[in-house]
Amino acid sequence: MTTAATVSEAAGNSEESSPYALSHLDALESEAVHIFREVAGEFERPVILFSGGKDSIVMLHLALKAFAPAAVPFSLLHVDTGHNFPEVLEYRDRTVHKHGLRLHIASVQDYIDRGVLRERPDGTRNPLQTVPLTEKIQSERFDAVFGGGRRDEEKARAKERVFSLRDEFSQWDPRRQRPELWQLYNGRHAPGEHVRVFPLSNWTELDVWQYIAREHIELPEIYFAHDREVFQRSGMWLTAGEWGGPKDGESVEKRLVRYRTVGDMSCTGAVDSDATTLDAVIAEIAASRLTERGATRADDKMSEAAMEDRKREGYF
Amino acid sequence: MTSTTEPTEPLSVEQLSATTLLRFATAGSVDDGKSTLVGRLLHDSKSVLTDQLEAVERASASRGQDAPDLALLTDGLRAEREQGITIDVAYRYFATARRRFILADTPGHVQYTRNMVTGASTADLAVVLVDARNGVIEQTRRHAAVAALLRVPHVVLAVNKMDLVDYQESVFAAIAEEFTAYASELGVPEITAIPISALAGDNVVEASANMDWYGGPTVLEHLETVPVSHDLGHCHARLPVQYVIRPQTAEHPDYRGYAGQIAAGAFRVGESVTVLPSGRTSKVAGIDVLGEPADVAWTPQSVTLLLEDDIDISRGDLIVPSKDAPPTTQDIEATVCHVADQPLTVGHRVLLKHGTRTVKAIVKDIPSRLTLDDLSLHPHPGQLAANDIGRVKIRTAEPLPVDSYADSRRTGAFILIDPADGTTLTAGMVGESFAAPQPVKDEADDDGWDF
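Here the protein sequences line up with chains S and V, keeping their order. Be aware that the first sequence starts at 4, since it is given in our numbering, and climbs by one per residue. Be aware that the second sequence starts at 3, since it is given in our numbering, and climbs by one per residue.
Any given hint could be a false lead.
Said to hold, decoys possible - Partner residues aside, some chain V positions facing chain S, computed with beta carbon under 7 angstroms:
1. Leu-23
2. Tyr-95
3. Ser-284
4. Lys-285
5. Arg-412
6. Ala-422
What the hints assert, rightly or not - Covered stretches of chain S (chain V as the covering partner; in silico rule of three or more C-beta atoms under 8 angstroms from a C-beta of chain V):
7. 28-42
8. 187-198
What the hints contain is simulated information worked out from the structure, not anything from laboratory work. Owing to the predicted nature of the structure, the values given are computational and were not obtained by experimental measurement. Every residue, glycine too, gets a C-beta built ideally from N, C-alpha and C.
Generate the whole structure from the sequences, applying the supplied hints.
What follows is the structure in structure tokens.
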């Protein structure tokens with residue numbers, strides 16, 4: 004039990020000995036919870052983008068904590084590329100069921116089947132997510148859309164706001180973004196516009212993993228080392244499958260790998276790894292010389308401004 | 003400091019989880035070597051990874067540059083790379099064994115005061131860069147003034163390019179003395195001057211072999227050790243209510259909790275509290291810190307307070323200790339930085355967001371505008387344009403429990419919003435501008451500036 008007296012004493016001490024210094028994970032957690040509660044207080048129809056990837060899993064965990072013992076006052080939205088890892092879809096459905104949540108699905112395959120979107124020559128479906136996402140936001144009238152994007156991921160994201168205003172086409176205009184001062188987030192928007200909200204803005208990949216370990220958060224098993232049939236394309240290990248690989252000249256082999264990010268199978272690469280536990284994964288990331296997107300994402304290798312361009316068009 | 007001098011040695015899992023967080027801002031222009039300093043901090047702490055460095059090398063080569071231009075690491079937008087300028091605040095992340103750092107890297111151009119203000123608003127520390135050959139210039143004074151206005155607790159003066167003045171102690175000492183005198187006058191509580199060469203690496207991460215006369219810390223050593231926790235004993239405790247948690251389930255039929263992030267100070271179970279602006283009182287019956295019951299909680303923890311009495315409390319209210327409640331007022335005098343392209347004018351009808359409450363307000367008067375370069379005052383400017391700093395008088399439609407910004411950076415701050423299109427117009431700080439007696443040239447009338 005801490006008393007008022009120790010508060011005063013702590014003032015004179017260095018912070019390492021002060022009981023009132025928060026660890027960086029506590030500080031980041033508190034900031035994210037504050038962001039969730041601001042949105043709950045100021046918006047009508049918020050939704051959490053939930054892919055079953057680690058960042059969206061941490062987002063959901065934080066949202067559950069922010070409103071406990073009440074239920075999370077948001078539904079979930081998954082943009083399903085049709086090329087998802089089956090382990091991740093299984094995890095998604097189990098999680099939704101476990102917490103009694105409502106899941107919306109925007110299906111890229113559906114848009115392709117209807118002829119609205121066309122498959123790209125390279126088979127990558129990540130850029131195709133933007134239209135189904137935007138139309139779902141419009142049709143469901145979502146006014147706040149939580150994304151798991153982090154500023155450490157990519158240099159265009161380093162300039163993203165926590166509250167990021169999007170027009171009715173979901174477009175991001177860096178010059179229209181509002182300065183964010185103190186913790187005073189401005190969520191005002193016109194009808195038809197919405198705000199993308201990034202509670203993990205200030206987290207790094209390592210923070211996410213440390214937090215997963217601290218909170219004992221369950222993840223889809225593909226994040227841990229396992230034997231997998233893969234083939235090499237553009238320097239990445241891709242999973243063989245119906246989505247379009249391997250092509251002629253690409254040969255399949257079995258390797259011990261894990262996924263550092265989880266996205267569309269057609270553009271998310273596995274990394275060689277023998278890390279089967281959280282501690283091993285954390286040690287591996289701390290020692291890695293590649294960023295997670297550099298190591299695993301084909302879509303970001305397209306050009307110097309690939310992410311910036313996709314963000315402008317309404318991507319996550 | 004093994005971890006900083008041997009960056010290739012990975013930190014252990016235990017080391018990584020036992021660190022605190024420091025938010026700091028850098029101010030300075032490319033000419034001062036700011037990008038080089040930031041690049042070196044990131045690089046030497048292993049925060050620039052191979053693929054990022056390769057991308058910078060490719061981009062530098064395609065521009066015909068011989069060496070990788072570390073400025074490209076921080077310029078994220080296409081327009082910035084094309085024009086070779088930094089437009090926006092960029093946030094950078096790095097870590098050592100002792101601490102995690104969030105760096106708000108702000109451009110130093112005259113027209114981007116708002117970026118500096120934005121970066122400084124959440125910073126515990128600001129690094130101001132000067133070129134040792136030029137010393138304290140107009141821009142340096144502007145950066146010191148922003149740090150003072152935003153009440154950044156710690157300021158580092160990094161006197162860069164010491165290699166170009168033959169590492170002379172006298173050059174450093176003169177600049178440090180001039181800056182310290184100026185910033186102290188403005189009320190900056192702690193100033194640390196460090197002679198560095200970002201390019202050569204002197205005193206950035208490792209101690210310089212070229213400046214035996216300097217016995218202080220390197221920039222990184224200082225960042226790792228500067229205290230970030232507050233003197234809670236002297237802070238007003240403040241909890242802006244964000245959301246009322248009422249599960250109304252069979253398991254929790256009567257649970258009613260007031261959720262928010264403690265903006266300042268500490269709350270304890272059993273403490274008498276007052277809810278503002280209503281003035282109703284109760285006692286703290288319990289504190290939930292994200293699922294864990296606690297006897298005491300402090301800033302910046304996100305908590306849920308449970309009270310003994312079932313009183314009417316909703317989002318926008320402020321819970322404070324009954325013995326330390328601020329007065330509520332509808333008339334606010336403040337120093338503001340205007341951040342929008344359209345000007346702020348007398349008579350402007352706006353929304354004011356303070357804590358978790360947003361109210362209608364009107365700009366009653368703009369008594370003066372301040373020039374940051376020389377702190378000269380311009381009475382009754384009629385309007386404030388983008389990047390202007392000035393004094394304003396505001397009348398709010400409802401009473402607000404505001405603190406002086408000098409006492410509480412979070413509950414003394416507000417933003418003004420355009421009700422028509424939602425633009426964030428202005429950043430405001432309640433009360434006096436600077437902590438110290440007026441350093442200002444007295445060419446203006448004394449209307450407005452209460453030093």
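Answer holds if the nearest beta-carbon of chain S is closer than 7 angstroms to that of Tyr-95 of chain V; otherwise answer violated.
-> It holds, given that the least Cβ distance between Tyr-95 of chain V and chain S is near 5 angstroms, below 7 angstroms.
Check, residue by residue, whether the region 187-198 of chain S contains three or more positions whose beta-carbon lies closer than 8 angstroms to a beta-carbon of chain V, and give the verdict.
-> Our answer is that it holds, as 5 residues pass the Cβ test (under 8 angstroms) against chain V, meeting three.
Interface hint compliance - Lys-285 of chain V to chain S, C-beta minimum distance less than 7 angstroms = Violated, about 15 angstroms.
Was the hint right that Arg-412 of chain V lines chain S, CB cutoff 7 angstroms?
-> holds, 6 angstroms
Does Ser-284 of chain V pass the interface check with chain S, least Cβ-Cβ distance below 7 angstroms?
-> Not OK, violated: Ser-284 of chain V not within 7 angstroms of chain S, min 19 angstroms.
8 angstroms C-beta criterion, at least three residues: is the region 28-42 of chain S covered by chain V = holds (count 11)
Taking the closest Cβ pair, is Leu-23 of chain V under 7 angstroms from chain S?
-> Status holds, d = 4 angstroms.
Supplied contact hint for Ala-422 of chain V, tested at 7 angstroms Cβ to chain S = violated, 9 angstroms
The earlier numbered hints that this structure contradicts are 3, 4 and 6.
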